[in-house]
Structure formats: C-alpha cells, structure tokens
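Chemist: Next come the chains, spelled out residue by residue.
2 protein chains.
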Amino acid sequence: MSSYLLNAGPIPTAAIIVIGDEILSGRTKDKNIGWLADQLSALGIQLGEARVIADKKNIIIDTVQILSNAYDLVFTSGGIGPTHDDITTAAVAAAFDVPVVRHPEAERRLIAHYENTDLEFNEARQKMANIPETATLIDNPLSAAPGYIIGNVYVLPGVPTIMQAMFEGLKGKLPGGVVMKRITVQCSTGEGNIAKILADVEAQYHGVSIGSYPYMKPGHFGTAVVVSGLDDELTTEAAKIVEREVRAFGADANIVHADGTIVK
Amino acid sequence: MSSYLLNAGPIPTAAIIVIGDEILSGRTKDKNIGWLADQLSALGIQLGEARVIADKKNIIIDTVQILSNAYDLVFTSGGIGPTHDDITTAAVAAAFDVPVVRHPEAERRLIAHYENTDLEFNEARQKMANIPETATLIDNPLSAAPGYIIGNVYVLPGVPTIMQAMFEGLKGKLPGGVVMKRITVQCSTGEGNIAKILADVEAQYHGVSIGSYPYMKPGHFGTAVVVSGLDDELTTEAAKIVEREVRAFGADANIVHADGTIVK
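As you go down the protein sequences, you meet chains A and B in turn.
Going letter by letter, the first sequence gives residues -10 to 253 in this note's numbering.
Going letter by letter, the second sequence gives residues -10 to 253 in this note's numbering.
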C-alpha cells in the first residue's frame, strides 16, 4: 500500500502473536486480536498479520524471529504467568539469543504487590520477575507482573483486561502513523449488484481502497462498503461517488457514522 | 504430542487461514477461528495454528503453500464472494499451479439460486462459479455459491453463518481423529499458589497435559485447570489428583461439567 503514498511518511507495520493452546483447542475464545486491531488502526499502525500459535518453545522462537524481522512492531499475548505452561519468556529470550535474568525492579514491584495480599510470593510467582536480559519493563497497573519490550517485540499477558490496561499505558510510546480515513457507505443491496461500481471507483482513485462486506439482518440484507485511504479529500470524494452510483443503480445508499446513523 | 501416543493412531493436524483486511483493520471481529477450533477439537483433529492475513495475492499464495505442506488439513475463510477484493480463488489456484475455470455444476447451482430471487446473475456473481481446476465443490445450503476442496485445502466463505452451515455438511467427510479427554478442575485460588502441584502432576503422568487459566469474577478469583490426554483413565486419575492436592493445600477444588456445575 505504501507505494501510493507521497508525502505521507512511512506507516509503521505490526504483527500480533497470540500464544496459547487454550485458543487452539477452542476452550478460550481470543479477544486480543480484535481489540489490538482496533487500537493499532486508531494509532495509524498497519496490522499486517496475526497468528495464533501453540505453547511450544520452538514454535514461539521461530514465529518471533520471522515476524520481528518482517514487521516494525510485534505484539505477543499469553504465556507469561507463573505456571509450568507459561514458556513465552524463555522462548522470546532464546529468539533474541539472550539469557533470562531476575529483573530487580520487576521483583520489587511483585514483592510490594504480594505484601498487600494474603498470597505468598513463592517460587512460581518469582518466575514472573524473570525477564530476558536487555528487555525493558511494561507496567502492569492491575496485577503488578510486568510485560516487557525486547527489540521490536512487546510481550503482553493473555488475560484481556490485564493486557488492555497494559497496552493503554504503552500507547503514547508507540511510533505513531498517519491515521487512515475510513468511510462506510451502507447499501441496501447485495454486493453482487454493485461489484462493478466498486471495482470501477477503486480503479479511478489511486491510494483509495474499497472493501465490501455483506450483512444479513432479519427482513433485509445489504452491503457495507468501506472506502479507505490516507488522503482525506480523495477518500471522501470516492465514498460520495460510491453513494451516488449505488443510488443511480436503484438501491438506497448512505454514508454512515461509526454507530450506523446516517451522515447528513 | 504424538510422541507419547501408543496405539492411538495418528491425530490429523490442521491450520486455519482467515483472509480479510477487515479483520486486520479491526472493523470486523473474527468469529471463525474460535468456532472452527471447537469443531476440530470435537472431531479429534488437532488445530496447530491459525493465521489472519491480508487480501493480498502473494501473501495468500505463500501462506496456503506453507501451511498445506505443514499440516494435514487447511481451512481458509474469506475472499470468495463476487467483488473485486475477493481474490482467494485466484490465489489458491496459483498456490496449486492450476488455472481457474468455470465449474458447470457450480454455475448450474448459482443460476437455479438466482432464478428464485429478484437478483441478476451478472458478471460479478458469475465469478463465484469459477473454481481452481481439479477442485471439488463444498455445498452451500444457504446462498448456493460453493466452497471447494483442492489438495488438502478446504476453501470456505468468511460470513460466519454461511461458513458454519457449509462446515456442518463437510464434517462427516473429514478424517476423524481420536477425541481427547479434557477435564476441568475449578480451583478457588490463584494459579501461583498451585503452580508446583500442577507441574508435579504433569511430570508424573506421561501423555497428560495440564493447562492453567486464571479467571476473575466480581468478588473472587481462581484458576481453571484443564487436564487433557488421549487416555481416558490416566487423564481422569490425574485430574482427581489435582483436585485432591489443591484441597490439601487448603483451597476449594472441584471437577466440573462443561456448564460449570460440579461433577458429583
């Protein structure tokens, strides 16, 4: 996509790695990909891919190496808790060829956290103070156990509420991109009816891309057409042409706000 | 995992490829990975990984080639509709080095389907009758446009209701595996307290694996311990030991049914 972008500056790219057998077995439904995708879009960071992988050390090592070479930023979620099946830290350290070391500040935070509870800061929990050498901490405002950054890899926990709280604190420090303009045109007709219109408008407007997403609701069906691009004016113009052409075809079409109400 | 399995026969492995810019932008939240993960678990097929990738031809080709070589079965979802951004079929055909051809039976079904509607079977919709040469059709009981099987790759649509209806028809034809026994022990204590118990039990029972998933509900928190294995008896025994040991530690622990009620 960046080939079209004059004067726009580079758009940071990102990948997500969800680490967890419980997602692959179906036991737990992933919520982190969708949530992070929204956050990255809002920051102007382009999510290039997401992978769900097993709690297996070699697979984690390979995936971290491949994706940290291919993308500007990599976010992992899962596998940094106290139990034997939490092997993300050992694998990430191996991926960067550094040892895992006890991090004094992480340990201090965990000791302070457990002093306020009736939980023992036992050997299992001490494991959460172990971090790959050279990594810097990501604060955990909910349960103290930190995440960390090593190279371009951001290591976060799998529990959505904790992951989200940690990402919120991280947001301001991420390299921001140009936020893409994204306009939705709701069309009361099947996408097959307007496929040619959409292809023609996209071909006409360089740097604007058009996605088409059919929906079915009781009583009617239709197509959400999403027109997106970095150039505000060009994207808006393309969306208006889609609206006009779909109406000319004989269907209802309206540019809508994020909540689905019509833009006047 | 298969290294432990004596007399169990091979377990088929699978990968999922979700194809769609709308998932990566956050606009649409994926539901297909979680749903397919449940289905595959129930069939005794081991889901090894899932990837969400962009609507880009080269990326689809590479991903299909890599995963169809690495796994017994590959399921794709998304990108087989009538619009210009639906490029999955062109990419899958290229991955298998075959041309895309008009499939007479697919065309017949689509013509029959559109005759019953007020929709025109126009050029865009005719595209849905184009299938990679040598592929066989997957029936679509909802909206006629078929999916297809080529090599070990099962190509399905992205809309969850349609994908699910098509998968239901496919189920009986998939190579079944041995269904894993999976027992949940709900423990009213933090996973850090029982980490050593879990690691010890797992080390004791070859072929049994133990996952630990913390949960927080208003007023209390705890850990769902999932004990799984192919040997029914061994897995049940390991789960009972976990229950006993966690109680001996001083916390409440109960083997529960899928709906969370206690097994008496």
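Bear in mind the hints are in silico, worked out from the structure with no lab data behind them.
Quick caveat: nothing in here was measured; it's all calculated off a predicted structure.
Where hints are given, some of them may not hold.
[Claimed, not checked] Pulled a few chain A residues facing chain B out of the computed Cβ check, cut under 10 Å: (1) I0; (2) I5; (3) D75; (4) A79; (5) A83; (6) R98; (7) M117; (8) S177; (9) K185; (10) Y194; (11) G196; (12) Y202; (13) V215.
[Claimed, not checked] Derived DEER-like restraints, expressed as beta-carbon distance ranges: (14) B/V252 to A/D86: 43 to 49 Å; (15) A/T123 to B/L131: 28 to 34 Å; (16) A/A247 to B/A240: 42 to 48 Å; (17) B/H246 to A/R236: 50 to 56 Å; (18) A/K206 to B/Y204: 44 to 50 Å; (19) B/T250 to A/D221: 52 to 58 Å; (20) B/I55 to A/A31: 46 to 52 Å.
Here a beta-carbon is modelled for each residue, glycine too, at the ideal position from N, C-alpha and C.
Chemist: Which of the numbered hints are not met once you compare them with the structure shown?
Modeler: Numbers 1, 4, 5, 6, 8, 10, 11, 15, 18, 20, in rising order.
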